[in-house]
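**Q** Please model the entire structure based on the sequences and the hints provided.
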Amino acid sequence: MDRFDELQVFVTVIQQGSLAAAARRLQRSPPVITRTLAALEQRFGTTLIERTTRQLAPTEAGWQLFEQARQLLTDYQAAMESAHHSGLQGLLRVTAPVQFGRRHVMPLVNAFLALHPEIQLELVLSDSYQDLIDNGLDIALRIGELQDSSMVARRVGEVRSMLIASPDYLQRAGIPQHPSTLSEHALIAGIRQTREWRFARDVRVRITPRLRVNEVESQLLALRSHQGIGRLLSYQVLDDLHAGTLIRLLPEWEPAALPVQLVTQRVRNMTPKVRQFWDFALTRLPALACFHEENYAISHDS
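Numbering (our numbering), first residue to last: 50 to 351.
Don't read these hints as lab results, they were simulated from the structure.
The C-beta atom is built at its ideal place from N, Cα and C for all residues, glycine as well.
Treat the hints with care, as some may be off.
Said to hold, decoys possible - Computed Cβ-Cβ distance ranges for the label pairs, DEER-style:
{"id": "1", "residue 1": "E116", "residue 2": "A163", "range": "21 to 27 Å"}
{"id": "2", "residue 1": "L140", "residue 2": "A306", "range": "31 to 37 Å"}
{"id": "3", "residue 1": "L164", "residue 2": "A249", "range": "22 to 28 Å"}
{"id": "4", "residue 1": "A249", "residue 2": "I182", "range": "35 to 41 Å"}
{"id": "5", "residue 1": "A306", "residue 2": "P216", "range": "21 to 27 Å"}
{"id": "6", "residue 1": "E171", "residue 2": "A106", "range": "53 to 59 Å"}
{"id": "7", "residue 1": "R52", "residue 2": "L331", "range": "37 to 43 Å"}
{"id": "8", "residue 1": "P156", "residue 2": "E233", "range": "36 to 42 Å"}
{"id": "9", "residue 1": "A70", "residue 2": "Q169", "range": "16 to 22 Å"}
{"id": "10", "residue 1": "H341", "residue 2": "L164", "range": "23 to 29 Å"}
**A** Below is the structure:
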């Protein structure tokens, strides 16, 4: 029996007032309790508890040991609870782009919270740049090259900028054979997109969209309604490509893939809750179907 266990038996006997009550409390037999007390007194070389047929009474040495042992056991329990939690409590703040966050980060968050019930998590979905320090954020998911080289980043995947349109639109308007022929088509673009679309081999095409929309889902609605050709990120259109509602155009002219990265202020001095989510995300995110080119093999044969 270890020393802490002996002290726990000793303290419990005094608190319960009898050997039998202490045995019930600790779920041990009375002979085990008796032997433990005898071994403890032998080690201290003095009587710690006076035993009579009716009651137990600590000696002066017993009272001194009781007070010290009780505090020691309390401190030990507090240390064990602290180590068990490992800091995995409190508020964790994460940011991600709206569509990617809704589709892929939110399921990750749900799984993480199920594993760590004492953590509260705030997910900030925004397509505008969210500075980690200024906004009090712990981790960001970024699409594209980093603006701040002082941040720590880990690549979890990549996405591509894809031209897409519905089969009905293409049947009506024809299939573009080169980026330069896009001027002959109705184009759908985001409001923040520039007036120029860039393609591989340094090809640039000036665009005059028939429709500009500041939100991705609305662009997808217009594309599904056969309004024209749009340009969105691969993860935003994967479901439509598989369903056949949209078709990928000119894949050989797509520009270089954009990195998708987890970003934080530091790695070495991460708090336990940040480290836990960081490692959890690094394990889960690279497996997403939207990061793997073979899942985009469905394209229109011209």
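**Q** For each hint, tell me whether it holds in the structure or not.
**A** Hint check:
no.	hint	in the structure
1	E116 / A163: 21 to 27 Å	violated, 43 Å
2	L140 / A306: 31 to 37 Å	holds, 34 Å
3	L164 / A249: 22 to 28 Å	violated, 42 Å
4	A249 / I182: 35 to 41 Å	holds, 36 Å
5	A306 / P216: 21 to 27 Å	holds, 26 Å
6	E171 / A106: 53 to 59 Å	holds, 57 Å
7	R52 / L331: 37 to 43 Å	holds, 42 Å
8	P156 / E233: 36 to 42 Å	holds, 41 Å
9	A70 / Q169: 16 to 22 Å	violated, 42 Å
10	H341 / L164: 23 to 29 Å	holds, 25 Å
Of the hints listed earlier, those the structure fails to meet are numbers 1, 3, 9, in rising order.
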